[in-house]
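Peer 1: With the hints as constraints, model all of the structure from the sequences given.
These protein sequences, in sequence, are chains L and D.
Just so you know, we're using numbering that gives the first Met the number 0 here: the first sequence kicks off at 0 and counts up by one.
Just so you know, we're using numbering that gives the first Met the number 0 here: the second sequence kicks off at 0 and counts up by one.
Just so you know, the hints here were simulated from the structure itself, not pulled from any lab data.
From a predicted model like this one, the values you see are computed outputs, not experimental measurements.
Positions of the beta carbon are idealized from the N, C-alpha and C atoms, including for glycine.
There's no promise every hint is true.
To be verified - Not close to chain L: a few residues of chain D, all C-beta gaps over 12 angstroms, as computed:
| no. | residue |
| --- | --- |
| 1 | Leu15 |
| 2 | Leu22 |
| 3 | Glu65 |
| 4 | Phe265 |
As the list claims (entries may be wrong) - Below 27 angstroms or equal to it, Euclidean Cα-Cα: the simulated DSS-like pairs (lysine-lysine) are:
| no. | chain 1 | residue 1 | chain 2 | residue 2 |
| --- | --- | --- | --- | --- |
| 5 | D | Lys167 | L | Lys264 |
| 6 | L | Lys174 | D | Lys64 |
| 7 | D | Lys169 | L | Lys316 |
| 8 | L | Lys288 | D | Lys42 |
| 9 | L | Lys174 | D | Lys167 |
| 10 | L | Lys242 | D | Lys167 |
| 11 | D | Lys95 | L | Lys242 |
| 12 | L | Lys59 | L | Lys140 |
| 13 | D | Lys251 | L | Lys315 |
| 14 | L | Lys179 | D | Lys169 |
| 15 | L | Lys264 | D | Lys251 |
| 16 | D | Lys251 | L | Lys179 |
Unchecked claim - Quick partial rundown of chain D residues pointing at chain L, CB under 10 angstroms, derived from the structure:
| no. | residue |
| --- | --- |
| 17 | Leu4 |
| 18 | Lys7 |
| 19 | Ala8 |
| 20 | Leu178 |
| 21 | Leu181 |
| 22 | Asp182 |
| 23 | Lys250 |
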Amino acid sequence: MNIVIVGLNHRTASVDIRERLSISDSNMGDALYRLTSDPIIDEGLILSTCNRVEVCAVVKDTHLGFEVIKNFLATSNPSLTLEAITPSLYIYSSSKAIEHLFRVASSLDSMIVGEPQILGQLKDAFDHAILHKTTGIILNKAFKKAISVAKRVRTETKIAESAVSISFAAVELAKKIFGKLNEKSVLLIGAGEMAELAARHFVGNGVESIAIANRSYERAVALAKTFNGEPIKFDDFESEMVKSDIILCSAGAPHYLITPEAVKKIIALRQNRPIFFIDISVPRNIDPKINDLDNVFLYDIDDLQHSVETNIESRKKEAFKAEEIITEEIISFVKWFKSLDAVPMIVALKGRAESIRQAEMEKMINKLGDLTDVQKQALESLTASIVNKLLHSPLTVLKKEVYSTNGNMILETTRKLFDLEALLDTPETEKKKT
Amino acid sequence: MTNILFFKATLLFYFLGTALFMLNLWDNRKEQPETRQTPWPQKFAIVATAAGFLCHTVALGIRLKEGGYVPLTNLQETVSFFSWAMVIAFFWVEIKYQLYILGSFILPLAFLSLISVAALHNEAAPLNPTLINAWFGIHTILSVLGIVAFSIAFIAGIIYLIQDRFLKSKQLTTLYSRLPSLDMLDQWNRQAILFGFPLLTLGIISGALWSQYTMGTLWGKNNSKQALSLGIWFFYLLVLHGRINIGWRAKKAARLAIIGFIGVIFIFVTLA
Numbered sequence: 000m001n002i003v004i005v006g007l008n009h010r011t012a013s014v015d016i017r018e019r020l021s022i023s024d025s026n027m028g029d030a031l032y033r034l035t036s037d038p039i040i041d042e043g044l045i046l047s048t049c050n051r052v053e054v055c056a057v058v059k060d061t062h063l064g065f066e067v068i069k070n071f072l073a074t075s076n077p078s079l080t081l082e083a084i085t086p087s088l089y090i091y092s093s094s095k096a097i098e099h100l101f102r103v104a105s106s107l108d109s110m111i112v113g114e115p116q117i118l119g120q121l122k123d124a125f126d127h128a129i130l131h132k133t134t135g136i137i138l139n140k141a142f143k144k145a146i147s148v149a150k151r152v153r154t155e156t157k158i159a160e161s162a163v164s165i166s167f168a169a170v171e172l173a174k175k176i177f178g179k180l181n182e183k184s185v186l187l188i189g190a191g192e193m194a195e196l197a198a199r200h201f202v203g204n205g206v207e208s209i210a211i212a213n214r215s216y217e218r219a220v221a222l223a224k225t226f227n228g229e230p231i232k233f234d235d236f237e238s239e240m241v242k243s244d245i246i247l248c249s250a251g252a253p254h255y256l257i258t259p260e261a262v263k264k265i266i267a268l269r270q271n272r273p274i275f276f277i278d279i280s281v282p283r284n285i286d287p288k289i290n291d292l293d294n295v296f297l298y299d300i301d302d303l304q305h306s307v308e309t310n311i312e313s314r315k316k317e318a319f320k321a322e323e324i325i326t327e328e329i330i331s332f333v334k335w336f337k338s339l340d341a342v343p344m345i346v347a348l349k350g351r352a353e354s355i356r357q358a359e360m361e362k363m364i365n366k367l368g369d370l371t372d373v374q375k376q377a378l379e380s381l382t383a384s385i386v387n388k389l390l391h392s393p394l395t396v397l398k399k400e401v402y403s404t405n406g407n408m409i410l411e412t413t414r415k416l417f418d419l420e421a422l423l424d425t426p427e428t429e430k431k432k433t
Numbered sequence: 000m001t002n003i004l005f006f007k008a009t010l011l012f013y014f015l016g017t018a019l020f021m022l023n024l025w026d027n028r029k030e031q032p033e034t035r036q037t038p039w040p041q042k043f044a045i046v047a048t049a050a051g052f053l054c055h056t057v058a059l060g061i062r063l064k065e066g067g068y069v070p071l072t073n074l075q076e077t078v079s080f081f082s083w084a085m086v087i088a089f090f091w092v093e094i095k096y097q098l099y100i101l102g103s104f105i106l107p108l109a110f111l112s113l114i115s116v117a118a119l120h121n122e123a124a125p126l127n128p129t130l131i132n133a134w135f136g137i138h139t140i141l142s143v144l145g146i147v148a149f150s151i152a153f154i155a156g157i158i159y160l161i162q163d164r165f166l167k168s169k170q171l172t173t174l175y176s177r178l179p180s181l182d183m184l185d186q187w188n189r190q191a192i193l194f195g196f197p198l199l200t201l202g203i204i205s206g207a208l209w210s211q212y213t214m215g216t217l218w219g220k221n222n223s224k225q226a227l228s229l230g231i232w233f234f235y236l237l238v239l240h241g242r243i244n245i246g247w248r249a250k251k252a253a254r255l256a257i258i259g260f261i262g263v264i265f266i267f268v269t270l271a
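Peer 2: Pasting the structure below:
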């Protein structure tokens with residue numbers, strides 16, 4: 000039994016593959032059932048956002064589990080093959096998987112470190128899995144823990160401030176170019192989490208209108224609703240640029256979408272009205288050469304980060320703090336997770352019974368006073384046989400059922416029934432929560 | 000004689016103001032909006048400028064009273080009036096927008112123009128009687144005020160290019176944060192030229208009328224000053240037309256305002 004993650008994100012996969020693998024909310028139920036229908040998978044959960052698709056599962060066998068999940072992903076869209084997606088996939092198991100999960104939840108793995116949307120998306124994914132009953136004791140615990148770790152990281156470090164301050168920096172720059180923003184219009188090309196966050200800041204600063212172009216028109220419409228904006232077809236973004244003063248690009252394309260030639264034409268059509276480009280795509284989607292054109296200002300994510308007051312040193316410090324919190328939490332989780340293994344559980348259970356038997360024996364021998372060796376032997380074998388008989392059934396069930404679907408439940412129950420926390424060396428905090 | 004004393008005091012105060020404004024410009028301390036504390040160089044710069052302006056006004060007043068005519072008959076008088084009007088423009092901008100950083104650009108121009116003619120400053124030379132004429136007075140006042148407006152457009156253009164450079168090179172320094180937005184600078188540029196152009200137009204018309212009145216001809220045949228003034232007038236007409244109809248705004252407008260001002264100064268200096 001092991002916990003595994005197979006996935007891809009904005010760093011490992013092109014937007015094209017990410018989009019084809021992404022699973023909409025309405026299809027999530029079917030996907031979860033399909034994933035967990037394989038007998039090797041005990042528990043499963045799928046996190047699908049603009050920037051990542053991750054399958055987190057509890058599997059009976061780590062290697063078989065990886066293969067099953069890879070196949071599940073490859074067959075989720077007819078236009079994909081296993082060969083096509085394999086180079087983009089990363090795989091993690093046991094404590095590495097937990098670490099990855101915690102880092103994703105804490106937004107340390109995000110395109111913009113510290114952006115707050117990912118936690119909400121993770122909660123949604125968890126809710127879906129719970130709704131369709133595809134998670135069990137391990138993933139429930141892991142995701143609850145991931146959410147609490149993310150909250151800890153957010154309150155105890157300044158990681159989240161960085162993402163907010165990037166949006167803030169973009170707004171401040173726009174104000175230095177345009178003065179007041181209330182007659183200005185914003186165009187989002189690509190509607191990722193960071194774009195949404197930045198757009199919210201611009202709306203908060205009173206921009207007049209917002210247009211959203213996204214490859215998935217559905218998502219553009221959904222986001223447009225929240226901002227009272229106008230969704231547009233992705234292919235129409237160039238003509239929309241003429242009307243837009245601030246252009247926020249997070250399309251995640253593998254090449255430049257916006258070229259100097261195109262911008263030259265737009266500036267002419269705009270009669271030299273300045274235009275502010277913000278490129279938050281990694282890799283960049285706007286040719287940096289456009290910054291050389293008159294009345295065009297281009298800032299990419301690094302530029303914005305540099306313009307933010309907090310210096311690099313302090314940012315590193317905060318990231319380090321976050322990593323420390325995560326390491327700490329992994330240790331405590333892994334201890335709990337290991338306790339669910341049958342072997343240490345059996346050892347602990349036997350040990351517990353044996354220590355009780357020994358203690359009671361000693362008490363009795365002291366009470367009865369002088370006993371012959373034969374008498375002592377008889378007492379010894381009597382108590383031993385009682386303990387063995389009593390433990391026989393639980394131990395058999397543990398050995399046999401641990402790899403069944405209810406296995407983890409049985410382990411957890413055993414742990415609670417016989418109060419094995421201390422023997423399994425699980426920290427106090429874990430005891431209180433379970 | 001007293002007006003010379005006041006004039007010297009004016010120079011001294013403007014010099015002080017300029018120096019302090021320069022110091023303020025290089026003040027790297029972050030402006031803290033919550034404390035609303037004015038940095039001391041700025042405070043003293045404004046005081047010095049105000050003191051200079053008072054002395055300047057008194058000096059000009061004495062001159063007006065002594066001479067009994069509008070003291071705009073020669074280069075130093077005209078420049079002195081220009082400098083005085085620039086300082087008024089400075090206070091007007093400061094009161095309206097609270098952008099004290101602009102003092103670092105306007106005051107040096109006022110000071111430099113004044114000091115450059117200070118050496119010429121002497122007692123009123125024997126006066127060409129044709130210059131004591133109402134049309135001539137109107138002509139010079141309107142023209143100088145027009146030039147003041149173009150100077151403001153020029154300064155807005157300079158600051159625009161500085162700010163544009165900061166934004167392009169991503170050098171978001173303290174100075175960057177204290178300079179106004181590009182849009183505001185472009186607005187000033189537009190407003191200043193819109194304000195200056197009619198003044199220049201009326202200045203040229205009143206100049207022609209004065210010529211008609213004194214020399215019997217509206218347009219002197221070999222009058223290069225008139226021709227060049229008309230050239231400048233056409234230039235600013237083109238700038239306005241370009242802005243309204245072809246979109247000559249933003250950086251282009253900033254460059255045009257600078258070119259126009261250099262032309263104005265050239266004519267002013269060579270032909271005055």
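Peer 1: Hints first: check each against the structure and report whether it holds.
Peer 2: Do the hints match the structure? See the list:
1. Leu15: Since the minimum Cβ distance to chain L is about 31 angstroms, D/Leu15 lies beyond 12 angstroms and the statement holds.
2. Leu22: Given that every Cβ of chain L is farther than 12 angstroms from that of D/Leu22, nearest at about 24 angstroms, it holds.
3. Glu65: Fine: 47 angstroms to the nearest Cβ keeps D/Glu65 off the interface.
4. Phe265: holds (26 angstroms)
5. D/Lys167 with L/Lys264: holds (20 angstroms)
6. L/Lys174 with D/Lys64: violated (50 angstroms)
7. D/Lys169 with L/Lys316: Satisfied, since the Cα-Cα distance of roughly 25 angstroms is no more than 27 angstroms.
8. L/Lys288 with D/Lys42: violated (43 angstroms)
9. L/Lys174 with D/Lys167: holds (15 angstroms)
10. L/Lys242 with D/Lys167: holds (22 angstroms)
11. D/Lys95 with L/Lys242: violated (32 angstroms)
12. L/Lys59 with L/Lys140: holds (18 angstroms)
13. D/Lys251 with L/Lys315: Answer violated: D/Lys251 to L/Lys315 is near 42 angstroms, above 27 angstroms.
14. L/Lys179 with D/Lys169: holds (20 angstroms)
15. L/Lys264 with D/Lys251: holds (16 angstroms)
16. D/Lys251 with L/Lys179: Satisfied, since the Cα-Cα distance of roughly 21 angstroms is no more than 27 angstroms.
17. Leu4: violated (45 angstroms)
18. Lys7: violated (41 angstroms)
19. Ala8: Result: violated, 39 angstroms to nearest chain L Cβ.
20. Leu178: holds (8 angstroms)
21. Leu181: holds (5 angstroms)
22. Asp182: It holds, given that the least Cβ distance between D/Asp182 and chain L is near 4 angstroms, below 10 angstroms.
23. Lys250: This hint holds: D/Lys250 lies near chain L, its Cβ roughly 5 angstroms from the closest one there, short of 10 angstroms.
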